[in-house]
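Participant: Okay, here's what each chain looks like letter by letter:
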Amino acid sequence: MSSKESCRSELRIAIRQLSDRCLYCASKWAAEQLVGIEQDPAKFTPSNTRFQRGSSSIRRKYKTHEIAGTPSAGVSYVATPVMEEDELVDGDFYLLAKSYFDCREYKRAARVLRDQNGRKSVFLRCYALYLAGEKRKEEEMIELEGPLGKSDAVNHELVSLERELSTLRKNGKVDAFGLYLYGLVLKQKGSENLARTVLVESVNSYPWNWNAWTELQSLCKTVDILNSLNLNSHWMKDFFLASVYQELRMHNDSLSKYEYLLGTFSNSNYIQAQIAKAQYSLREFDQVEAIFEELLSNDPYRVEDMDMYSNVLYAKECFSALSYLAHRVFMTDKYRPESCCIVGNYYSLKGQHEKSVVYFRRALKLNKNFLLAWTLMGHEFVEMKNTPAAVDAYRRAVDIDPRDYHAWYGLGQAYEMMGMPFYVLNYFKKSVFLQPNDSRLWIAMAQCYETDQLRMLDEAIKCYRRAANCNDREAIALHNLAKLHSELGCPEEAAFYYKKDLERMESEEREGPKMVEALLYLAKYYRAQKSFEEAEIYCTRLLDYTGPERETAKSILRGMQSTQSNFPSMDVEHFPPS
Amino acid sequence: MSSKESCRSELRIAIRQLSDRCLYSASKWAAEQLVGIEQDPAKFTPSNTRFQRGSSSIRRKYKTHEITGTPIAGVSYVATPAMEEDELVDGDFYLLAKSYFDCREYKRAAHVLRDQNGRKSVFLRCHALYLAGEKRKEEEMIELEGPLGKSDAVNHELVSLERELSTFRKNGKVDPFCLYLYGLVLKQKGSENLARAVLVESVNSYPWNWNAWTELQSLCKTVDILNSLNLNSHWMKDFFLASVYQELRMHNDSLSKYEYLLGTFSNSNYVQAQIAKAQYSLREFDQVEAIFEELLSNDPYRVEDMDMYSNVLYAKECFSALSYLAHRVFMTDKYRPESCCIIGNYYSLKGQHEKSVVYFRRALKLNKNFLSAWTLMGHEFVEMKNTPAAVDAYRRAVDIDPRDYRAWYGLGQAYEMMGMPFYALHYFKKSVFLQPNDSRLWIAMAQCYETDQLRMLDEAIKCYRRAANCNDREAIALHNLAKLHSELGRPEEAAFYYKKDLERMESEEREGPKMVEALLYLAKYYRAQKKFEDAEVYCTRLLDYTGPERETAKSILRGMRSTQSNFPSMDVEHFPP
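Sequences listed follow chains E and A, in order. Counting along the first sequence from 1, when you hit position 495 you're at 494 in numbering that gives the first Met the number 0, and nothing is skipped either side. Counting along the second sequence from 1, when you hit position 351 you're at 350 in numbering that gives the first Met the number 0, and nothing is skipped either side.
Keep in mind the hints are simulated off the structure, nothing from the lab. It should be emphasised that the depicted structure is a prediction, and the values quoted were computed from it without experimental measurement.
Partial list, computed: chain A residues near chain E (C-beta under 7 Å): (1) ALA13; (2) ALA29; (3) GLN32; (4) LYS106; (5) ARG107; (6) HIS110; (7) GLU138; (8) TRP207; (9) TYR300; (10) THR331; (11) LYS333.
Derived BS3-like pairs (lysine-lysine); straight-line CA-CA distance at most 27 Å: (12) E/LYS333 to A/LYS364; (13) A/LYS134 to E/LYS134; (14) E/LYS354 to A/LYS134; (15) A/LYS136 to E/LYS364; (16) A/LYS482 to A/LYS523; (17) A/LYS333 to E/LYS136; (18) E/LYS354 to A/LYS364; (19) A/LYS333 to E/LYS188.
One side of the interface only, derived from the structure: several residues of chain E facing chain A at Cβ under 10 Å: (20) ARG103; (21) LYS106; (22) LYS134; (23) ARG301; (24) VAL302; (25) LYS333.
Glycine residues also receive a C-beta, built at the ideal position from the N, C-alpha and C atoms.
The shape of chain E in the complex, shown without the other chains (with noise of 0.2 Å):
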């Protein structure tokens, strides 16, 4: 063997070791080593031929673990196609592009595959000049957008991808990676329609893409786009619909497919992490938290979803679980959103407005699209009562997502502390519409009928029965339907809602100024019923308190002794002795 082609076979296997080891830097010259070897003259034949001639064996071996066959659960799967097996060594241009790309040299990894037409060079040279032309667009959104801002720059590489990947469509030429990436590039130019087809056909034919599936999700705005998919049967499609089902807020459903999934994938901590989304979206904190103990227990050096969590302690105000997670999220990537985003928590939870400010903006500075970190941040901005950068930042959110109601709600909050109820109310109807089983949304909107511009009491009592309804875990609704019946002079309706509410109390062991409003308006109710044993057992109950409740307790049950002994007097009367 000649000294060329010993270099040459060194090298092959250097580049696939080093670059499992992520030497990317070290892969990236041994590649180019590699292809700076000097061809020989003589040669034809391609230069992994030997191996080539090798690999049909080693193919079959691979093949026997390919049959996809009955799982445990019992349910039936039709068997899928699997893609076969690539060859086994890759050719030397596709090695150096490879090594370009580890190291984000995007188009010079392009320039290396121009004259390669397998389908993994294909491949990674268009998914090469996709993310160049990505990478071109970010640069020009920065240079072109104002404070808070948009820009129109697009990446100017999708309209040479997709004629290239259509017509290698046409002529049956692509894989399933190529018909991803056709499908992510009919996607950005608004082909939704065809970019599901897309994706639909690469996810039937190399369901593991799991990219793939994400795209297909952003894709299926309705139950009704969903329905209308042609999946071929698959595990993967297990993964995908509980993912869609939580999209569209079928956090049961979805909870269902999970549930199902970890029969197999019992120690997926991915699993974990979608139920406890999805219990976060039924506002199940204490499940939330519980999960989030565990992932963090299993997998200590997560980030993801972990802003999550953060949520959900501050929403308990755990205060010191939020501070030792935002400690660890700092020291383990303190520059990737999500860790900004906990520590913002953090300082909010903590009463440092300002502070949390600076690290929502830091995450939105590291990703401009993390609705999460805009909707926290007009949080903050309502807190800090600065109504303006309020406002700015929600409708950010929900130009990123029209379907985040905490956003709508947001704004209603925001235009409520500069006093226009008219623009709250359409927000915060905004929100219950996509929400409408959270009960806070419904009380928000109650309070915004009650204020003086509107006084639409009326209004305001049936979104008080609503969020009664919807578990009011707070349990205004009942308390403020009570006090609106009275006001509008309905004593029935009025002492109906008290009773319920004082229940209500009792059953969660509450005390408070609003028991004390309950039993007096009770006590007085029924003495003006006349019902003078249940008037006698609510004033009886006031004279355990201390404050001035208790002089009315018993000026009260004097009142009513005097009327029962007018009664006796009366009697007498009327029967004269024998």
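Following the hints, complete the assembly by docking chain A onto the known chain E.
Facilitator: Coordinates of chain A only, in the frame set by chain E:
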């Protein structure tokens, strides 16, 4: 086969395929699901046993191609034992860890491998910890440092890594990759001798890791150290030697080595770039330009080393080529330090120094150890007469590389502008020590000696002599040597150098005030020496000019004729008919 096993095997193949296509997020996701599959309680063997059983025949197939033969050039290499091929199928936790690594979640990757003892896993875990520590160190530096200040942030993982890796080495359980990492750790800790020894072990047992050679090179500061290394023969060693020679400023040795390597790696852009660097150091700018033009043609989106090309275009004032290059790198990768330097050079050549500084600052924001950016920024501040800022920038450069003669020279210039010739002299001396064959440095030093504050003309003359011997292309040295000797009242030496300068100007077909000055001086000199024929020659040449020198020449000629007519008269007196 159970459905769990089929999922598992599908995912294992998918991870390789996705990773091969650089789909890191998808690969990571698949790897998470792979380790998420429930292990069968009844199973005690490793989960990839089936592949391991068959892997030896595959390994045998690979070994066929690992034999090192005799190279064509005929130089005999001792065959190096190549490391055996890795297991064909990676373990599940390795796949997950690598996927995290690919997404730069280093601590997460290390945690996944905490109980894995295979060599590959051990390396990846240690490498991940090292990079996590480096990342944190960078963050701390940003938190702690002032505008141009430094911080003493360190990689907190070094201590535990050193302990673990030294134990492995002691127990003979370390592989070449871990030796490389151990060398890295030792180097950062300042244990340079041991680091060299360990890195030599690494490259001797696995020569194909260029990273290891690069680190070893950074520890070879002298030829003696280089010669003391006990390196096995391998063609990778040739790449190493070529690179070290360049670093040690043995440019011709470096060129020879690269020319030799071209025999095998004739299509290597890397080798061409390295040759260009050596030529650049030898100031062969035309050759450098030609090589870079070829590189740009072969590899049009290359940014590596193109900052050097921009320096050449700047020096040659090739405005349109520099403009083209600047726009190209801007579109390719505008947030890369080399790109920023190229654009900075472009604005500098346009005379927009403030804009130029903006780009050099950006380069340094991206890589604060980017030596040429500091030096070039210093040059810009010199142009802008902002000497304090220039001094700051140059100081950062020499802190990074005490052998950067450009920065020392820049410091000299800055202090010269501040009218502090003793400081200037100090720095110029440092620069000529490092680059003794650069005439510009000697000229700068000479001019410093000439200043009114120092007025050490003999020393200045010595410097100009050195400059003249170093191929002073702008011919400043000869002219100034002549002038200085004239001022010192040494007409013979002055005439000598004026004559040499004149010869050079003639050979280079240059005209101008300096030529006039030389002609005038020589005319007067030869008249004073009563060598009227010589004097007449220079005067006659001066008659071709249209300035005041023409009248001066006429005057000299008339004076000389008067002297000659007197002579015959005297003859008559002495010889009566």
